[in-house]
Each structure stands twice: as C-alpha cells, then as structure tokens.
Amino acid sequence: MHPPDELDEYLRGGSALSRQYRSESSPAPPHALDRRVLKASREAQGKSPCLAPLAFAASVLLSMALVLAIAFGPQTAKHGDDAPRVIRAVARADAALRLYSTDPLRARTPSAWLADIAALRRAGRNREADAEFRRFHSAYPGYSADASANRP
Amino acid sequence: MLEFMELDDDARLMLRYRDGDAGAFPALYARHKGPLYRYLLRQVRNAVVAADLFQEVWSNVVATRARYEPRAKFTTYLFHIAHNCTIDFFRRTRRVSRSEELENEALEPEVPEYQRPDVIAEFAEQQSALLAALGALPQEQREAFLLHEESGLTIEEIARITDVGLETAKSRLRYAVRKLKKSLLIAQLPGTERRELKTGRLNAPA
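In the order they appear, the protein sequences are chains A and B. Residue 1 is where the first sequence starts when you use our numbering, and the numbers rise one by one after that. Residue 1 is where the second sequence starts when you use our numbering, and the numbers rise one by one after that.
One chain only, chain A, in its complex shape (with noise of 0.2 Å):
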C-alpha cells in the first residue's frame, strides 16, 4: 500500500503547513495604492468602452466619404480610364469660366488668343502684337503649344 502522497493531503485543506502560512502577517496594499487604483477605475469608467467601437465606426465612414471623394469628386486630376472625364470636366469649367468671366484676359481660349496675335503680325502690327503676347504669357506662363511663331 502506498503512504499518502504529502500533496494530496495538502491539498485536502487543513494541512499544518497552510495553517503556519495562514497565521503569517497579511501585508494589504497601501492606502495610497488602493486610492490610486480606484480613482483609475472610475476614471475609466467615464471613458466608456462602448465609445470604442463608435468612434471606429465613425472613423471608418469618415475615411470611406473621403475615399469616395477622392475618387468622384470633380475636381480631381485622374489617370488613365478617367481621364475623358476629367477632360470634359475641365472643358466644362474652361466654358463656364468664358461664358462668365469678367476678366478680359480670360475670355478668349489660348488658341483664338494666338491667333489673333497671329493676325497682328500679319498685319505688320509686331509692336502691338509684341505686347500682345507678353499679356498673353503672363497669363499664360506654362503654355507651349506653338506659341513659339507668335514670339517676338
């Protein structure tokens, strides 16, 4: 027969060797301790969890609108398949800035704008043609298509 295995006695409860640990001093946390962990409680308590998944939900349909934006909004330079969009929609803003434009300089297309320098040439005019196209090129400092006939 086996002797009792000293674990399973212990086990059992009751054991002297608990007892003795039982009887020892019971250190307790310090009072500044105990305050410190239940004011956090309660601090946490007012930033409810239930907020969390609100907030991540917000934060993901706010992300989702400026996706959407992004991709379909008007005034967004596209790339590729989109591009005809793109172009028809500045055409569309190219139009309406000429139809109602008060800006002398912007009511006439680069194109009709060189032409008629074009003409003043023609015409012998080149002092008058030549301060054409320096009104032109301040108002249209990138533009390089064939303008180069129209320099002075």
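Since the hints were derived computationally from the structure, they do not count as laboratory data. Do not take every clue at face value.
To be verified - In silico DSS-like cross-links for lysine-lysine, where the CA-CA straight-line distance does not exceed 30 Å:
no.: 1; chain 1: A; residue 1: Lys39; chain 2: B; residue 2: Lys33
no.: 2; chain 1: B; residue 1: Lys181; chain 2: B; residue 2: Lys170
no.: 3; chain 1: B; residue 1: Lys33; chain 2: B; residue 2: Lys181
no.: 4; chain 1: B; residue 1: Lys33; chain 2: B; residue 2: Lys73
no.: 5; chain 1: B; residue 1: Lys73; chain 2: B; residue 2: Lys170
no.: 6; chain 1: A; residue 1: Lys39; chain 2: B; residue 2: Lys73
Let chain A serve as the given structure and place chain B on it in line with the hints.
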C-alpha cells in the same frame, strides 16, 4: 469553463463593471486586493516593485474590461494577468542585468535589486522561517504555492495560469510543499540540532 456553471459573485461584479456600473469595482477590488498583493510581494520580494505590478495588474483589468467574458473564475483571470506581469518583470530585469553585465564585463556582474543578497537578507529578517523558506524556493515552485494558498486555485487552474502541463504544475507544488514542511520542522528543532542540520551534520527529519 463557466459556460455551463452558474456565474460566481466575482464574475457578476466584473460583468457589472464591464457594462458601466463603476460601483461594482470597489467590491471586486476589496475581495482580491490582499491575495493579489501578497502573491506579488512574495514573488518579487520588493515592496516597491510589488506595488508597481499591483497597479499594472488592475490597470489591465480595467483596460480590458470590455472584452471580459466569464469563461473561467474571475480569480483565474486576475491571477493570469498577474502571472504575465510578473514574468514580464522578471524578463525585463534579467535583460537589463544581462546588458549591464556585457557592458561591464571586467566588473563584477550586477544582479537585479530584488536578487541582491542584502535586499533578500533584509526582507528575510522581517519574516518568519516559513516565509524565509518560501522566499528561498525556485520562483516556479514559490508561485505554485502562492497561487494555491492565496487564491485557492486548483492544480488545473495553476497549470492553466502558468501555461504548463498538469504534471509539471503538480510537481512544482509537491516540491514546494515538501521543502516548506521541512523548513517548518527544522524551525521547531532546538538551536543546536537546527545548526547541525543546516551544516549537514544531521539528517533532516522525515
């Protein structure tokens, strides 16, 4: 698993706290603060470190309350967090100690404060023979004993918390009990016999 069991009072309190009842927390805290503090203090044997870890454990409970599900006893949940915090502390301390050792190879290697002989001796002076013997146990054996004594956890629960097999947990607790019982018997012997036993000139009591 508690899925098929009735919820214990602790789990109910924790669920109430999870669901926004701030008043449930102090009751839960009052029930467990003592055992948890003693578990940590007797594990790390340093009151400052124990206080830090104690706060860390409760902060974890508070921070993760939204995910709390009563799948096990609340005590198991709490002491699982405590075990993880303690293990992290021991790892951090060992890492710091090792890097300092590498930096100062010519010097005597530093030991973490909680392992310094003078700190241990100072701590031991303030406690009984049993607590001194408990402090002298290997950390895993000490932990198994403390988990059982402080929180009444079973071998299965200790194995789950410490992430070891049932037999390992049982073996750790068995060694701890054997050594602590021996220390109690030695403490009861007259002074001369005790000294002889410590120096190995007398056989230990059975």
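- Violations among the numbered hints, reported as their numbers in ascending order: none
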